[in-house]
Amino acid sequence: MSTQNTRYLSRTTAPKYFSDVQIRAFHDPNARHHPGSHSSTLLRTVAWNNLGSRIATGGGGGNVKIWNPEKADVRSSTDLKGTGLQVTERVQWDPTHAERLASCGVGDSGVDVAAKATQDIKTGADNFSLSYHPEAYAVAVGRKDNKVKLLDLRQNAVFHTIDGGNDPVFQTTFSHNGTLLLQTHVSGKVVLRAYPSLEPVHSFAAHTAGCYCLDLSPSGRYIATGGNDALISLWDTTDWVCVRTFDKADHPIRSVSFSFDGAFLVAGSDESMPLDIAHVDTGDYVHEIKTGYPAHAVAWHPSKYVIAYTGEVLRVTGVGSFT
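For reference, each letter of the sequence shown is one residue, going 25 to 347 in the working numbering.
Treat the hints as calculated values from the structure; they're not laboratory data.
A virtual CB, placed ideally from N, CA and C, is assigned to each residue, including glycine.
Hints may be right or wrong, so weigh each one.
Unchecked claim - Straight-line alpha carbon distances no greater than 25 Å define the calculated DSS-like cross-link-like pairs of lysine-lysine that follow:
1) 168 x 146
2) 213 x 40
3) 272 x 314
To be verified - Simulated restraints, written as ranges between beta carbons of each label pair:
4) 180 x 296: 40 to 46 Å
5) 233 x 296: 18 to 24 Å
6) 233 x 47: 28 to 34 Å
7) 123 x 37: 33 to 39 Å
8) 48 x 146: 36 to 42 Å
9) 296 x 243: 29 to 35 Å
Turn these sequences into a full structure, and let the hints guide you.
Put into structure tokens, the structure is as follows:
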């Protein structure tokens, strides 16, 4: 998987390609899993580093594990020690550094940033969401008490607090150029804040119920949002109108991810349902990955048609593709 893609998939070539790929499971014999359940021991978060050479996962027990996608053997993985978490809610790689990883969750009121040494920045409460600024000097952290903390990693300190008021925040994401902070809310709306002033500049109703997640396309042309209404909505970032919705899912959407070229979408849920790969420009579904269990978190490889997704274990589709 170390070789860059040399060709792109189209709407017509995608179904055969995705139906032919292999799926590899990455088992950790020391983890406590309850397949098919909603136990907190399920893996809740997954992320690729910027090179696609490592995958980080986290979940119940507070463990954060770093995997080599080429080697499913647990002996080739690394545990991130000393986080103090009971449940890891989010892992996020530094967009500028392939070996630096941030994590947060329940049981430790801090954000851990680990490379050669671990940096622990306290936020004052349990945390559930995390996003890096594209220049990697700051992170936005969503707390369980409905506050978003902006952390300066250079100063090891909180430099701004956003109060969600009566409309709790589910996820925060920075725009690719770092000038906007996007928030999804329990009301179903998305709020855009100018950065670094953090003044609200726009908002729109993305879903009829909670808007749980969003992802920006690599070009920045679209954002995709997922909600409690089981819909994925595609929004044009020029005039913030909904281009189309994807409605095949039967359960709330907990994570959504664009492929590296922005051509395909996939979404995850904490209910048992297939992973459906959709073609962005046509709205057509091109492939279904049957799981038989909840796949809460999904993430495309940064330069390949490869998907990592989590349930009771990490699984990676397309292993060995385009090599």
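Verification of the supplied hints:
1. 168 x 146: holds, 14 Å
2. 213 x 40: violated, 37 Å
3. 272 x 314: holds, 14 Å
4. 180 x 296: 40 to 46 Å: Between residue 180 and residue 296, where Cβ atoms are some 41 Å apart, the hint holds.
5. 233 x 296: 18 to 24 Å: 20 Å Cβ-Cβ, so the 18 to 24 Å window holds.
6. 233 x 47: 28 to 34 Å: Given about 31 Å between the Cβ atoms, the range holds.
7. 123 x 37: 33 to 39 Å: holds, 35 Å
8. 48 x 146: 36 to 42 Å: holds, 38 Å
9. 296 x 243: 29 to 35 Å: The hinted range 29 to 35 Å holds for residue 296 and residue 243, with Cβ atoms some 33 Å apart.
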